[in-house]
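Chemist: This is what each chain is made of:
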Amino acid sequence: MKALAALVFLSVFNVLPAQADESVARRRFERLRLLDHRPPLRTGGRTRPDSVGAYDLLLNRVELDLPSDGRVLPEAGQVHVELMAGGAGLEEVGLLSFFLIPFEIRRNGVVLEHFRNPETGELSIRLDRPARRGEVVSLDIEGTFEGYCFDATGCIEDGRLRHLVEFGWYPLSNEFPVDDRFDLELVLRAPADLTPAATGARQAPERDGRSFIWRYRSERPMTLGAYALGPFVVEPIDGTVEIFVPPDNVDGGRFLGREAVQVVDFYEGLLGPFPFGRLGVAPIADEAGVGLGPQAQVFLPTVFWLIDERLEEAALVREVLSHEIGHQYFFNLVGIVDAAEGWMSEGFAEYAATRYSELTTNTRDHARLNYWEYVLGVDEAADVPLNSEAVNTADPATRIAVIYDKGSAVLWQLRDTVPNFDEVLRGYISRFAGEIVTTRDFERFIEQATGLDMSAYFSQWVRGAGFPRVQLTVQRPRDGAEEVVVRTTQLPGRHGPFRANVPMRGHFADGETRTETFQLGPAEQTLRLGAAQWLDFDPDLTVFRRVLPEPAGDVNLSGVVDGMDLLDVWATQGRTTPDPRWSDALDVTRDQTIDDRDLAGIMEQFGQGW
Amino acid sequence: VIYRFLLLFFLLACTDDPAGSGPRIQSVLPGAVAPGAALRIEGEGFGDGGHVAIGGRALPTTAWAPSRIDLVVPADMRPGRTVLVVVSDGRPSAPAELEVTGDPRPLVDSGRVLPPPPDGGADRGPPTDAAPADGGVPDAFEGGPLVAEFLSDPAGMGDIRMQQVDGQPGELVLEVVLPRDAAARWGLAFHLAWDRGLMTLLEASPAGGAEAHAAEIGGGRLAAGRLLDGRPTAFRLRFRLLGRGEGRLTFPVRYRTLRDRQNQPVAVGFAEGTLRVREVQP
Chain Z
10 MKALAALVFL SVFNVLPAQA DESVARRRFE RLRLLDHRPP LRTGGRTRPD SVGAYDLLLN
70 RVELDLPSDG RVLPEAGQVH VELMAGGAGL EEVGLLSFFL IPFEIRRNGV VLEHFRNPET
130 GELSIRLDRP ARRGEVVSLD IEGTFEGYCF DATGCIEDGR LRHLVEFGWY PLSNEFPVDD
190 RFDLELVLRA PADLTPAATG ARQAPERDGR SFIWRYRSER PMTLGAYALG PFVVEPIDGT
250 VEIFVPPDNV DGGRFLGREA VQVVDFYEGL LGPFPFGRLG VAPIADEAGV GLGPQAQVFL
310 PTVFWLIDER LEEAALVREV LSHEIGHQYF FNLVGIVDAA EGWMSEGFAE YAATRYSELT
370 TNTRDHARLN YWEYVLGVDE AADVPLNSEA VNTADPATRI AVIYDKGSAV LWQLRDTVPN
430 FDEVLRGYIS RFAGEIVTTR DFERFIEQAT GLDMSAYFSQ WVRGAGFPRV QLTVQRPRDG
490 AEEVVVRTTQ LPGRHGPFRA NVPMRGHFAD GETRTETFQL GPAEQTLRLG AAQWLDFDPD
550 LTVFRRVLPE PAGDVNLSGV VDGMDLLDVW ATQGRTTPDP RWSDALDVTR DQTIDDRDLA
610 GIMEQFGQGW
Chain H
2 VIYRFLLLFF LLACTDDPAG SGPRIQSVLP GAVAPGAALR IEGEGFGDGG HVAIGGRALP
62 TTAWAPSRID LVVPADMRPG RTVLVVVSDG RPSAPAELEV TGDPRPLVDS GRVLPPPPDG
122 GADRGPPTDA APADGGVPDA FEGGPLVAEF LSDPAGMGDI RMQQVDGQPG ELVLEVVLPR
182 DAAARWGLAF HLAWDRGLMT LLEASPAGGA EAHAAEIGGG RLAAGRLLDG RPTAFRLRFR
242 LLGRGEGRLT FPVRYRTLRD RQNQPVAVGF AEGTLRVREV QP
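Just so you know, the sequences run in chain order Z and H. According to the numbering used here, the first sequence is numbered sequentially starting from 10. According to the numbering used here, the second sequence is numbered sequentially starting from 2.
Looking at chain Z on its own, in the form it has when it is part of the complex:
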């Protein structure tokens, strides 16, 4: 279970620059394909054997003599582990050691008996003498590395650019459930032409003959280390941000550097002080197909170093970069360990990215796109609750749409409904900095900060799956009364029924608008917006839903299929999902494309409702 926690900080994004003639559909496909999470770790979901003693892992110091032959790891290395005994004392230490096969383990110079199960990676170490509760045990482990590269996302084993993000230890103890993280030191002896970019704070490298010794140490407890290797030049951008630049691309990375500084500045205002003393931005091979956001270090595909702000792809660079920097707050500062809480890392980091997009574009397009990616992209039968373990076993497209897209959309809805939500979120980060959280912690914190009862919202949209498909029939009395009758019917589905307060915006002939809120539920609703020319159901996407006018051609919810509906559909010809401007009311044929078939549908239904 806890080993799975290591997964959730990995964020992944499309890295392919859009082609000039690339269709939206193709872009979506590519994004989905490359957004996919890494496969679960092989020990995911395992529970700790009872024979393993209780302890709290305090420190891992990994010493590696990095090879000059283009590989990411040497044949062998040394690991120094410090842990504090818990329970009634500690006689045997259990660790998960996926990739390090120890050949000698010592405690204060005494060689210890150990056994590693090659099938599971479980390593059992019998101590030479029991450790009392609270006593710190130091272990020095020497071993060889095997099988550490099983996919390009987590590891590129060799080549010009290579990286490794999943070496390390996975504590098996449940004794300290909120303190599973540990300090990590990386001592990397590298040839002079090789620069490691790694997690944590960096000390000035020391020359050692024809090599340099690089030392990185975590600023806050963490679970996984990561580093990338390449012939980089390190360019400080400001006191926090530094860019690792490939030497054959010395002009590259300037856009990234400026953006990273802006993102950090923006997040300091939005989320609170940046949690780490430095932030490295380093390239990894494009084959990885992802961005990654471990502590104090962001890894991005090297193609990002070729993009400047004048290119269309700059928007994608901003989205991915701001998402990964968002992980410095969500996962690295406020941590999670439970697989069911993945959205509190990915969804929150994505929310931060959408807020940055709002700043740079002055629109909500990024957030709206995420909303529609979930609502239109997830099959009802496959949908799973956001806060659930089931989300990790869903198909990749559903998993991403739920954790990233719905997760960020939930926070947008809270932003729109919870008073002073920005302040509440900053308070939440401050309160749980350095700790492990759950969804319940977040929910309770909002309630305590605002006095609101959030249980209904969280039960329905966070701990529950699905959303209503609302069939809307609009009728007006023909006596000219200022009244319009809106009949709402939730179509039967796998989930629900749902209840929500939904805004309905009336648009009047003089250009004015007026919004009234009605309670979506099984009962018929009557709204006094009768003088409005047309209606807009939840225009700001405050509720997860699909809108299905009846008749379908009454796309503007005026009560009659007429020329205004034609204008609306004409104006949106060619629009297809995903599109931040999408409105599913306009999709007469409900095929997620607005085209001449929708126009034909309106003409066929012309006059219906009258």
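If you are wondering where the hints come from, they were derived from the structure by calculation, not from laboratory data. From a predicted model like this one, the values you see are computed outputs, not experimental measurements. For every residue, glycine included, the Cβ atom is placed at its ideal position computed from N, Cα and C. Mixed in with the good hints there might be a few duds.
What the hints assert, rightly or not - From the structure, some residues in chain Z lie toward chain H, with a derived Cβ separation under 7 Å: (1) 495; (2) 615; (3) 619.
Model the placement of chain H on the given structure of chain Z, informed by the hints.
Modeler: Then chain H, alone, in the frame of chain Z:
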């Protein structure tokens, strides 16, 4: 008489009266009838009595049953294609096509233009499907064919307005005309409402297609939408006159809009008008 009729129109326009409960014509035999010949109408909901109007002219009947009516077409009935309406218990049927055979006679128009009503064409809400109490045939009369006069309300320079153009006898042809500024916009949509007892839409041009669509969506109600692209005329509308009388042609406020290229509403005026349909003495 004029003011009384206008008042009646307003009252009826504000009355909800669901369609479907009036008389319904299933057949008219023969479909082409000579003046002076007998005519049989079959259908349902005719009730115990009422009247039949051909080309807006109320006629005596020789037999009346709930599903059948017999009458004789007057010898002076003007030849040509026209419509027949059954009115029972104040409810008109949908018009049925009828051809009166013989040589057509010229239409003479000598009517005078009527002033607009004092309400300035404000939206009175969607008109009812019900016709005036006498079935859209204001007064029973014996007389010749119908002619229409349309008088536009005073229109500003930037108003979308209607103008009458030459049409066939027994018909009214109107063009919805755009001022230069409006024509340069992107799209136009509107409803046009009239007293269903006066006329019915025969055709709209353009009638439908990729960039324009117009259709009568109920008795006395037309809906239309069009991409403009600089065209000075949005639609040409041809109506068949059904009965004499007077009423307003309106663009109900809730259902009219001019849009810019971002499909956003643009402020524009819509000039409405008054329609008078009267009989021309042969």
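Chemist: Which earlier hints turn out false for this structure, listed by number in ascending order?
Modeler: The structure breaks only hint 1.
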